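Peer 1: Using the hints, position chains C and E against chain X.
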Amino acid sequence: MTSPLQQKLKVTGPVVVTANRLGDGAVVYRAADGTWTKDLAAAAVVTTTPAALELLGVATSEKVVVVDAYVAPVELTPQRQVLPGNLRERIRSSGPTVALPGQC
Amino acid sequence: MYIYDDFDRTLVQERVREFGDQVNRRLSGELTEEEFKPLRLMNGVYLQLHAYMLRIAIPYGTLSSDQLRMLAHVARRYDRNYGHFTTRQNIQFNWIKLKELPDAMADLARAGLHGMQTSGNCVRNVTTDQWAGVAPDEIEDPRIWAELLRQHLTLHPEFSFLPRKFKVALTAAAHDRAAVKIHDVGLRMHRNGAGETGFEVIVGGGLGRTPFIGKTIKPFLPKRDLLSYVEAIMRTYNQYGRRDNIYKARMKILVHELGAEKFAGEVEEEWQAIKEGPLALDAAVVADIAARFRYPRYELLADNPPELARAREDNRFRLWLDNAAINHKVAGYAIVTLSLKPEGGPPGDATAAQMDAIAELADRYSHSEIRVGHEQNLALPHVAQRDLPALWRALDAIGVATPNVNLISDIIACPGLDYCSLANARSIPVAEEITRRFRDLDLARNVGPLHINISGCINACGHHHIGHIGILGVEKNGEEYYQVTLGGRADETAELGTILGPAVPYAEIADVVEGIAAAYLELRARPGELFIDTVKRVGVDPFRERVYAAR
Amino acid sequence: MPLVKAGRIVEDRFVRVLDEASIPDGVAVILPAARLLADARDLVLRQAATGVVWPNDRKVAELAPYLDWIALVALVFPNFRDGRGYSQARILRERYHFRGELRATGQILRDQCLFLQRAGFDAFELTKDADAAAFVAAVHRYSVFYQPAADGRASTLTARLARVSQH
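Residue numbers (the working numbering), protein chains in the order written: chain X, 1 to 104; chain C, 1 to 551; chain E, 1 to 167.
Heads up, a few of these hints could be off.
As the list claims (entries may be wrong) - When the alpha-carbon atoms are kept at most 30 Å apart in a straight line, the in silico DSS-like pairs for lysine-lysine are as follows: (1) C/Lys476 <-> X/Lys8; (2) C/Lys37 <-> X/Lys38; (3) X/Lys10 <-> C/Lys248; (4) C/Lys262 <-> C/Lys167.
Claimed, not checked - What follows is a set of in silico ranges between Cβ atoms, one per label pair, in the way DEER data are often shown: (5) E/Asp39 <-> C/Leu27: 47 to 53 Å; (6) C/Leu27 <-> E/Asp68: 47 to 53 Å; (7) X/Ala51 <-> E/Ala130: 33 to 39 Å; (8) C/Lys99 <-> X/Gly95: 17 to 23 Å; (9) C/Arg242 <-> X/Asp24: 34 to 40 Å; (10) C/Gly344 <-> X/Asp39: 30 to 36 Å.
Note that these hints are calculated values from the structure, not bench results. Keep in mind the model is a prediction, meaning the values are calculated, not measured. Don't be surprised by glycine CBs; every beta carbon is placed ideally from N, CA and C.
Okay, chain X solo, but in the shape it has when bound (with noise of 0.2 Å):
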């Protein structure tokens, strides 16, 4: 998958703005109440790109607390159920798709 931070940013569906946390990389999504959660769950869903670049520019000037952010696609379910959009944010989401070695 190109790497998204070298995107150009055209907003065609729902999207979140993900990033890794600072001090310790972790995977995050930028919440509705402006802090960071690692639950897509509760990550903020918009769907178009001033939206998106409004979200985006908001995150990206704290630099302290997250790195790299962008927008990356997510899909609705019919429950409005937040699931990672590609394989990309699957993995990023839930881990690496093989067992960790001692986890067999």
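Peer 2: Coordinates of chains C and E only, in the frame set by chain X:
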């Protein structure tokens, strides 16, 4: 292996303190990410998909048992109980926290381990053949020269901000197990007519987006000139390598664009100006470094002792022995490869428990020394043949005695999209599935020596271009696809693989590999003809026809 | 852009002169490269100091004829990841034995200062005030240097030789 003196130890500690200060300045916001990123990369710290990754150098692939125990400690204390051995003889930890890094690095420094220059636009880990110093076909131990180069190029004030990364490899054996021809600078040791050993200097090799095999620009460089000549190469690259386009910034592009002859001319001109300066290697300096290389006191033993002959009656032991152990340059000893490629498991990983157990076995059976190979297996380099049966039972108990070394299930793979933010596709599950398809070791042995290399993107960290079967993950419309090449080689006859056919989807790639193996069994002239030789003899077309017939 | 020399933040006695501007008498000036090359014959007669800013993609060998009288060479790091200036500096000091002020300009952080000093720079236009204040600490971070460079600090090569010859 090399024993640090006060200078070496002090330098690592000073580096750890400096990095601790840089981390604090980042956490406080005084350094922006843009300013911090090159600095953390120079200490081997990446930000991947889920977490930070720390890459630790294992200089020329040699580890002491104490060092391996320290790596196990780091895995347990700061990570998730395992580490990954890479294609450049380093180890990676995938779940490190930035705020804990200074402590982790202080721990590592106590064992003489560090992440200096394992990333960034500087000189990376200098690699050699993992059997250096013990292989029967070597003319001398290249690690002394690797260590001289490592020191010279560590925190070098002129070459810490190169156009791009820089990789150096050495070999001193007729059979090049260090892949020197795909490095920015490859050094092959030769003996000249007068019986002196010196270096053939090969430049401009590299894989990635635009792969090149290196060109020889100096057939025989005397040892005294090693540092000054490498300095001249680096100064030429630092000044003329492209800075405008990161995809054209490696030295291989400069060598290609100038032409090897013109490049050699530039280097020669620079070298003539500095060769008699302070970098001319004094024999006393070399002797000082060499003196800190400790070699075991080998016993006077005979090959094939009775314990071994008796144990060979056990079929399982015999199959492992024939696969994983080779004769040492010293009679009565063996070099043992530990397979980190278990069936259905991620290639090149070891748990903290395995690391501790291997360290213990190294103490008991291998003079406390372990080697890390770029094919992502480990080795115990000094095993007395009479100890092989006991060693095997112990290795088998910890899961590192799969007798698949060099076989189709001994796969070299990058971490891929499961970990790496640069990746287009996953590589580990592809490798795991292939190992399941070839779990029958009779089948694997029948197919014989065959190197599969898998890269999850064009950066080619899995070295797919030089795999006998190379697999490159690509993205098509958001789906994972895999491009297959055949006939790549990494050794002294290095060449790049040829594309087999259109990329295939994730669900089919293991089928394609089975198809290639089946085609080989059909096409080979006789059972002894190696896969790579069959490909050379018949070309890629017959494989393509068979594999793509049903597609 | 604080200027650090001899470990202290100092006033810059040099004035930068842009391409077409007239060169003031009695004032130390830093000129663009083209200006120096074009007017060298006249400039050499100046009483006040003359310096030049040299781009990082031109060979410093072109400066050789002027090095015995120009007072300052400023080298450029357009961003701190562009390391060409380090090679230029070493060649100026070690090959041409330039003795004047060698100044690092551009994007310079404290983390480069020791490398710059080792390459032969003795003046540093730092990007951040905090880094200027931290200069002395930054260049004392290390006591071990594996390789000889332009700064005259002893390297492990010589230190080990000395140790060996003592036994």
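Peer 1: Now look at each hint and say whether the structure bears it out.
Peer 2: The hints, checked one at a time:
Pair hint lysine 476 of chain C plus lysine 8 of chain X holds up; C-alpha atoms about 18 Å apart against a cutoff of 30 Å. Distance check on the hinted pair: lysine 37 of chain C and lysine 38 of chain X sit about 23 Å apart at the alpha-carbon level, within 30 Å; holds. Between lysine 10 of chain X and lysine 248 of chain C, the direct Cα distance comes to roughly 29 Å. Compliance with the 30 Å bound is thereby established for this hinted pair. In summary, the hint linking lysine 262 of chain C to lysine 167 of chain C is supported, as the alpha carbons are separated by about 21 Å, within the 30 Å threshold.
At roughly 51 Å, the beta-carbon separation of aspartate 39 of chain E and leucine 27 of chain C lies within the given 47 to 53 Å, and the hint holds. For leucine 27 of chain C and aspartate 68 of chain E, the hinted distance range of 47 to 53 Å is satisfied, since their beta carbons lie about 49 Å from each other. A C-beta distance of roughly 37 Å is found between alanine 51 of chain X and alanine 130 of chain E, which places it inside the suggested range of 33 to 39 Å. Take lysine 99 of chain C and glycine 95 of chain X: their Cβ atoms lie about 21 Å apart, and the range 17 to 23 Å holds.
Between arginine 242 of chain C and aspartate 24 of chain X the CB atoms are about 36 Å apart, so this pair conforms to the stated range of 34 to 40 Å. Hint check: glycine 344 of chain C to aspartate 39 of chain X, Cβ distance near 31 Å, so the stated range 30 to 36 Å holds.
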